[in-house]
Amino acid sequence: MAEAALNLRVLDLTHLIAGPYCTRLLAGLGAEVIKIERPGIGDKARHIGPFPDDRPHPERSGLFLYLNRNKKGITLNLKTATGGHLFQELIRSADIVVENFAPRVMPSLGLDYPTLEKINPRLVMTSISNFGQEGPYRDYKATDLVAYALGGLMYITGAYDREPLKHGLSQAQYLAGSLAATATLGAVLSQKSENQGQHVDVSLQESVLLGMFIQLTTYAYTGAVSRRQPKESSVFANVVPAKDGYSAPVFYGFVDWKALAQLVDCPEVADGRYASYAGINIQSPELEKLLVPHFAQRGKHELFHAAQALRLPFGVAQTAADLISCPQLKERDFFSEITHPEVGTLKYPGAPFKMSESPWRESSPAPLLGQHNEEIYCGLLGYSRTDLVRLRQGGII
Amino acid sequence: MAVLPPNRIRILDLGTAWAVPLATRLLAGLGAEIIKVEAFSRPDVTRFGTHPHNEPGEKHWNRGGRFNDLNRNKRDLALDLTRPEGAALFKRLVAISDIVAENFTPRVMKNFGLDYPVLKEVKPDIIMLSSSGYGHSGPWRNYGAYGMGLEPTVGLTHLTGYREGRLIKSGIPYTDVPAATHGTLAILAALEYRRRTGRGQWIDLSQYEVSLAFIGEALMDYVMNGRLQGPLGNAHPFLAPHGCYRCQGEDSWVTIAVTNDEEWQGLCQALGRPAWAKEARFSDALSRWQNQDELDRLLEVWTSQRDHYDVMHQLQKEGVPAGAVLNPKEVLLDPHLKARRAFELVDHPPPTGVGRRPHLAVPWKMSRTQGRLQQPAPTLGQDNEWVLTELLGLPEAERTRLSEARVVSREPIPRPAARSEQPPAQQLEQGNIVAYDDNFEEILDLK
Numbered sequence: 001m002a003e004a005a006l007n008l009r010v011l012d013l014t015h016l017i018a019g020p021y022c023t024r025l026l027a028g029l030g031a032e033v034i035k036i037e038r039p040g041i042g043d044k045a046r047h048i049g050p051f052p053d054d055r056p057h058p059e060r061s062g063l064f065l066y067l068n069r070n071k072k073g074i075t076l077n078l079k080t081a082t083g084g085h086l087f088q089e090l091i092r093s094a095d096i097v098v099e100n101f102a103p104r105v106m107p108s109l110g111l112d113y114p115t116l117e118k119i120n121p122r123l124v125m126t127s128i129s130n131f132g133q134e135g136p137y138r139d140y141k142a143t144d145l146v147a148y149a150l151g152g153l154m155y156i157t158g159a160y161d162r163e164p165l166k167h168g169l170s171q172a173q174y175l176a177g178s179l180a181a182t183a184t185l186g187a188v189l190s191q192k193s194e195n196q197g198q199h200v201d202v203s204l205q206e207s208v209l210l211g212m213f214i215q216l217t218t219y220a221y222t223g224a225v226s227r228r229q230p231k232e233s234s235v236f237a238n239v240v241p242a243k244d245g246y247s248a249p250v251f252y253g254f255v256d257w258k259a260l261a262q263l264v265d266c267p268e269v270a271d272g273r274y275a276s277y278a279g280i281n282i283q284s285p286e287l288e289k290l291l292v293p294h295f296a297q298r299g300k301h302e303l304f305h306a307a308q309a310l311r312l313p314f315g316v317a318q319t320a321a322d323l324i325s326c327p328q329l330k331e332r333d334f335f336s337e338i339t340h341p342e343v344g345t346l347k348y349p350g351a352p353f354k355m356s357e358s359p360w361r362e363s364s365p366a367p368l369l370g371q372h373n374e375e376i377y378c379g380l381l382g383y384s385r386t387d388l389v390r391l392r393q394g395g396i397i
Numbered sequence: 001m002a003v004l005p006p007n008r009i010r011i012l013d014l015g016t017a018w019a020v021p022l023a024t025r026l027l028a029g030l031g032a033e034i035i036k037v038e039a040f041s042r043p044d045v046t047r048f049g050t051h052p053h054n055e056p057g058e059k060h061w062n063r064g065g066r067f068n069d070l071n072r073n074k075r076d077l078a079l080d081l082t083r084p085e086g087a088a089l090f091k092r093l094v095a096i097s098d099i100v101a102e103n104f105t106p107r108v109m110k111n112f113g114l115d116y117p118v119l120k121e122v123k124p125d126i127i128m129l130s131s132s133g134y135g136h137s138g139p140w141r142n143y144g145a146y147g148m149g150l151e152p153t154v155g156l157t158h159l160t161g162y163r164e165g166r167l168i169k170s171g172i173p174y175t176d177v178p179a180a181t182h183g184t185l186a187i188l189a190a191l192e193y194r195r196r197t198g199r200g201q202w203i204d205l206s207q208y209e210v211s212l213a214f215i216g217e218a219l220m221d222y223v224m225n226g227r228l229q230g231p232l233g234n235a236h237p238f239l240a241p242h243g244c245y246r247c248q249g250e251d252s253w254v255t256i257a258v259t260n261d262e263e264w265q266g267l268c269q270a271l272g273r274p275a276w277a278k279e280a281r282f283s284d285a286l287s288r289w290q291n292q293d294e295l296d297r298l299l300e301v302w303t304s305q306r307d308h309y310d311v312m313h314q315l316q317k318e319g320v321p322a323g324a325v326l327n328p329k330e331v332l333l334d335p336h337l338k339a340r341r342a343f344e345l346v347d348h349p350p351p352t353g354v355g356r357r358p359h360l361a362v363p364w365k366m367s368r369t370q371g372r373l374q375q376p377a378p379t380l381g382q383d384n385e386w387v388l389t390e391l392l393g394l395p396e397a398e399r400t401r402l403s404e405a406r407v408v409s410r411e412p413i414p415r416p417a418a419r420s421e422q423p424p425a426q427q428l429e430q431g432n433i434v435a436y437d438d439n440f441e442e443i444l445d446l447k
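Keeping their order, the protein sequence lines are chains A and B.
According to my numbering, the first sequence is numbered sequentially starting from 1.
According to my numbering, the second sequence is numbered sequentially starting from 1.
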């Protein structure tokens, strides 16, 4: 079997989305990820869902199952002295540890970076938090909504006459997770040559900030404070109703008026009379009056393909149903089927990118709570099965 | 101090616009040497627009703010890859580089005669990132794809909008960001693979697929239950209060997200324990969620009398998750981001007249090898001489000939028109901007 990109051991203390997405990427690239969960309750994501038939069950949460494939699951109570010692034993042979607790937590457990570094000077420790390990907001609490607000992406998104809007689901967490994986690998590459680890500090706020290159530059260069969608929103700032959903008309740079005229079978458009300020957002109420009724009569995918055939870079507003049955994704083998003991065989989003030599590794289902306790505590650390029983009885694992 | 070992990693960056330039900027932040390879007949689109004071100036393509943000710590070679001599020069560079990154539509590199199979012949362990909208295979592979159009295509727009069903596209080419972060990740993984095995490889990254990773739970809901999730506005599937509330001042807002009973108590405390907060319908999490609309209205009465930063600090003091909704100016002036050194002050070379500008720093902190992004973005063809002389060792006669033959150039050919911007007064009227500061350079302390 072809070799995976990474040959590393990761101790994964993370929960919910940001941390687990980071370690999902590392696992997919081939790292051995040992996911450490609290005994009994486990990762909070086990209780978020979605659940099949809306029946909550800690082994059947869609979010958990999606994010935690190819990871080994063990239980460990870090708040106990024995738990702390077991963790330190694991650190000795780990390349990476990832955590996404509030910044106070690891130090309060006696497991901050200086302590772990003494045990394993080559360790890369990655901490993902709301606002980073230092600064005036260090101990501030946040959800995705709050990170979006303080990262700047929220103010510039939404309708003119309405409140600012955050993206759906949990984008800040996913962004932070992907940045954390990137920074972690950067630190690992440095460690491979200099034999020294370090502490990597990723913040949700700064991960959101990464997307602000347009509006921040506008103020820094011109003094204009960008707002959300303009008052008279152009057809092209948003999605437009089609017969069976929504179309996403897009222009990039200069408008190809001839192509647009052809697309909507309206010759008068071709001479560019509806041009206002060139750019991505074209604002012309007259053009809108022409295009909107036309689009409303066409199927969204038909319009998408017809536009693309004319080299107009339209998009199309797709639903989950569209995505699961998308011919492009099918041809690309994007979805993979995985069988899980509790939830059966399901389709999952697969590798985020394709590497020609080193295969993505994500064929094993997400672990049951404590599924790999024996493999890790006995196999790796040399404890006996009766030790395990004692550890369970004492609430350690 | 460079992170990437053992000598500098050299990357040839053919990227334009956002995704790959942002990916290589992240790599520059890790200490890699980036040589941006631009077509002088079609300079990178971000060179156009967002000029200082909206003044294009004579060489406007060297005064583009967005370009300056995305392309710091990079050198620039401007050449014509459509000419055999240009392609040959490029291949000579590949022979002494580690990575090639590009975000063209799939047919482009092939048409140049510079796709992976060719480059692999030149340098067997070359790592190549091909970042495209839909990937290098499949019926949609040559479709034009920009972030603004991809956001709906990846399913995010059906999940983003006001609760009554009004769908909203964000204000940025959002999908370029995950494309960039995953592009950088893939390159680093390929470098680690090469370190162990001596082998390079080709990375085929589709912005479409990468962005789908970020809506996994919605896909799982459809797979498990056949259910299509819709937009929630700023509300939450099970938490309340959770939303965006108007504050004092023009278009000023704060977000509040209460995640447990303790935080609810903290919120009540901050509000001075008003009578309505003690009502039965707000006394537990489930009831609060069921009565969230009324709860939101009552909360907004309180917030609308206060400054958004004050609300945030006051609530956070009581342990309540709250965040002021910062406009772009406020982001640049935020005290926490300042303490985090989230922005670099970059001095641009005097001939450009751009002066000192704040730009985004590296988006992570590393305790031992923190990277900086302080070198200003290059002017077009800025490093042509350096590449031809220092890297390729071409004699002067040869360099002159290449320039006269227009294989390389330090000027764009043909000369591109400057992109005109709407005057600020008009933008203000149309609601594109909320304010305009004449003295913004003073405010940002740029002098």
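You may find that some hints are simply not true.
Said to hold, decoys possible - Think about it this way: if two alpha-carbon atoms lie no more than 30 angstroms apart in a straight line, the pair counts; the simulated DSS-like pairs of lysine-lysine are: (1) LYS192/A - LYS72/A; (2) LYS110/B - LYS44/A; (3) LYS258/A - LYS110/B; (4) LYS120/B - LYS192/A.
To be verified - Heads up, incomplete: computed chain A residues facing chain B, CB under 10 angstroms, no partners named: (5) ALA183; (6) GLY299; (7) CYS378.
Just so you know, these hints were derived from the structure itself, not from any lab.
Think of the CB as a built atom: it goes at the ideal place given N, C-alpha and C, for glycine as much as any other residue.
Against the structure, the hints come out as follows:
1. For the given pair, LYS192/A sits about 24 angstroms from LYS72/A by alpha-carbon distance, which is consistent with the 30 angstroms threshold.
2. Between LYS110/B and LYS44/A the CA atoms are separated by roughly 48 angstroms; this puts the pair beyond 30 angstroms, and the hint is violated.
3. Pair hint LYS258/A plus LYS110/B holds up; C-alpha atoms about 28 angstroms apart against a cutoff of 30 angstroms.
4. This hinted pair checks out: LYS120/B and LYS192/A have alpha carbons roughly 26 angstroms apart, not beyond 30 angstroms.
5. Given hint, ALA183/A at the interface with chain B, holds; its Cβ is 4 angstroms from that chain's nearest Cβ, closer than 10 angstroms.
6. With its C-beta approaching chain B no nearer than about 15 angstroms, GLY299/A sits outside the 10 angstroms limit, and its interface hint is violated.
7. Taking 10 angstroms as the C-beta contact cut-off toward chain B, the hint placing CYS378/A at the interface is violated, the least distance being around 29 angstroms.
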